[in-house]
Amino acid sequence: MALRRKTPADRLFYAILGLSLALVAVIYCAVNQPSSHLRFEVKERQKISVFDGERLILQDVDSVAISAAGGQNRIQLNANDFTEDPHFVATYPEMQQFFIKQSQVHQLMSQHQQIFLHSGDHSSSTPYPVNIQPKRTLRDLPFEFWFQLAVSSIGFLLGCWIWALRPNEIAPRVFALLNAAYPVFAFSAAIYSTRDLALNAELFRVLVAINTGGALLYGCALISLFLVYPKQLIRTQWLWAIPIFFSVWWLLDTLFLLPEPSMGGDLPVTLQMLGAILCMVWQWRANRHDPRAKVALRWFALWILVSSGTFVFLVQSTQLLDIQLNMSQGYSFGFFLFVTIGIAIGLKRYQLFSLDRWAFGILYWLAGAILLVLLDAFLVMMLSPLMSLSLAILICGLVWLPVRGWLQARLLQRKKLSDSELFERILQVSFAVNEQERQLQWKALLNDLFQPLNLEISEQRNHSQIEDNGLVLYIPQVAGLAAMRLSYPQQGRRLFSEYDQQLIQNLLPFLAQAVESRVAYDNGVREERHRIARDLHDDLGAKLLSGLYQKDVDQAKQAIRQAIAEMRTIVNGLLGTGVELNVILQEFEYEVATRLQSCGIELNWQQNLADTPITLSYAQYRHYISMLREIISNIMKHANAQKVTIDISLLDSQLVSVICDDGAGFDGQTNQLEGNGLKNLRERATELSATLHFQRLPGTQGSRVELIFPLS
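When the letters of the sequence shown are read in order and numbered with the working numbering, they come out as residues 16 to 727.
Be a bit skeptical, because a hint or two may be false.
Said to hold, decoys possible - Think about it this way: if two alpha-carbon atoms lie no more than 20 angstroms apart in a straight line, the pair counts; the simulated SDA-like pairs of lysine to any residue are:
#, residue 1, residue 2
1, K309, I292
2, K150, F219
3, K694, A634
4, K566, Q622
As the list claims (entries may be wrong) - Using C-beta positions, here's what the derived DEER-type ranges look like:
#, residue 1, residue 2, range
5, F438, V671, 45 to 51 angstroms
6, F438, L38, 44 to 50 angstroms
7, F446, L153, 57 to 63 angstroms
8, L153, E436, 31 to 37 angstroms
9, S64, W297, 48 to 54 angstroms
10, L665, E436, 49 to 55 angstroms
Everything labelled a hint here was simulated from the structure, so no lab data went into it.
For glycine and all other residues, C-beta sits at the position ideal for the given N, C-alpha and C.
Hey, can you work out the whole structure from these sequences and the hints?
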């Protein structure tokens, strides 16, 4: 049995799980330290000020001291003892002395519930009593602590997001490693840079080593990233040389074997940034003939260098050069957040890492999930232990749970189409105005059905098919709609199933029938428009031209009346209303009499219809009158007749029309090849479901044409 292939949501879930465990460990370590609630500030010229909450206790002193009751175990502290990072001290002996004092202070705070603060400048000053709490609370942790955790977590999740969508490619892997190193150095620094007075020395050393290792790992990944993206410049195995080299450097720093601390933390990070810049220049030259790669590289390098470079040159390099900017290391970690902003914008504008805009779907889901967790945590913090149980239950049950359910439905749950909605959407596809719009409607329907991360046109398949262990669903071409390839359903949170495939198989025939019906309807509309145009041109136009060239005013008026009647008939046909047979025959009798009279032919009109009004459809009218006109035209052209008799009657719900002449005579078999007239007559007879008979009368007595069609 094949193992289930992990989706992007699976990978992100494991990443979030690991991040959550790390956050819990960091917060646990931070709160499980003794607390004095004192705040120490080191200002210019290494002057120290001490605050108890907002109350100023000591101001601008060179040193302070703490002791137990009676001045026992007195420990003298100077500005170096309050530095954020031990690498900021000048020498390794000073760093070792720093750790020794940290251990002494931590031990003093752990063994006494109250200690005393002294001004180091005035040994005779009254000591200030300080109550020691065995642990810190979450509210005791400063904003700087949470800031470092937040920005590094966002960066980590961004890297995991890119990796989850492209797990098998080298560039997303290196980018994920880059962002995985972010919380490594930020989490450890968050603990010791926001400490109360001191940490246990052994814990402090471990945290500093982790921080330095994470920073060097970040720099190694940054160099490697510019060696593999946009184009891989060296073999993958050669990339290992970078972390191996800096691992040796990290080991020398951890063992205090370098000349000074700044060479262990600041110098290698600065060199790594310079190396990344050189690799970026190398990439630029390697891609100088690829405009698209150059645009992506320019944008990518801009944000990487702005974020990481600002931190390195404003924090690390200033320490290396002994320049004091008084910028908190914790807040400076926020510069790395520019990577997140730059990559997010670059994904949308330049498709970095070959990701399209669909990649934001899974990020939206991730943000929604994190938002719910944060809201849960906020509610837990707001409901203090002093609040009564009944009130807490009331708030959770009546307020929070309904609101949370609504948010979850809006942010995370899959939107499902009901049967009626699905039917309506299929009709929208079939009734689209053109093929392009129909294709867009079809894509929109598939997107709402499955919410895939990627939806694109693919090669033709004979039937729907699931591939890549449920990651991809192929949909065949149907009714002129292109074959589609869908991947990562429900924004990457699940796989395609047999149910999805069966749904498509049931949907396609119905869609095909609906689209084909629509196409047939469109064809009918076009044919009807063509017919109307033909009628307007052949009949109405002919009558208007006839009236235009009449010299006699009465004849011109009559031609115009006939044109108006013809136009009324066409309008009635468009409106779907029928035309009365008596009106048709009355107008046709006048028309035929006029035409025959102009040729010197006598008309004998006989009409025997019931008193019941008879209505013909527009199609029946057009075919019937056109056939009669064609027959009269043939008589006028070929028969050389003196008299024409037209007899119209009803027989068993059938309209029988007989036209006789006394001319030369003809029959439908011998004259059918003389032109298109007889062919058109037979075609119209077929449309009318009529029978058409031609008969030559005996001797030289002319011919007889009989037209019979059912009125139903």
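- Item | Unmet hints by their number, sorted upward, for this structure | Numbers 4, 8, in rising order.
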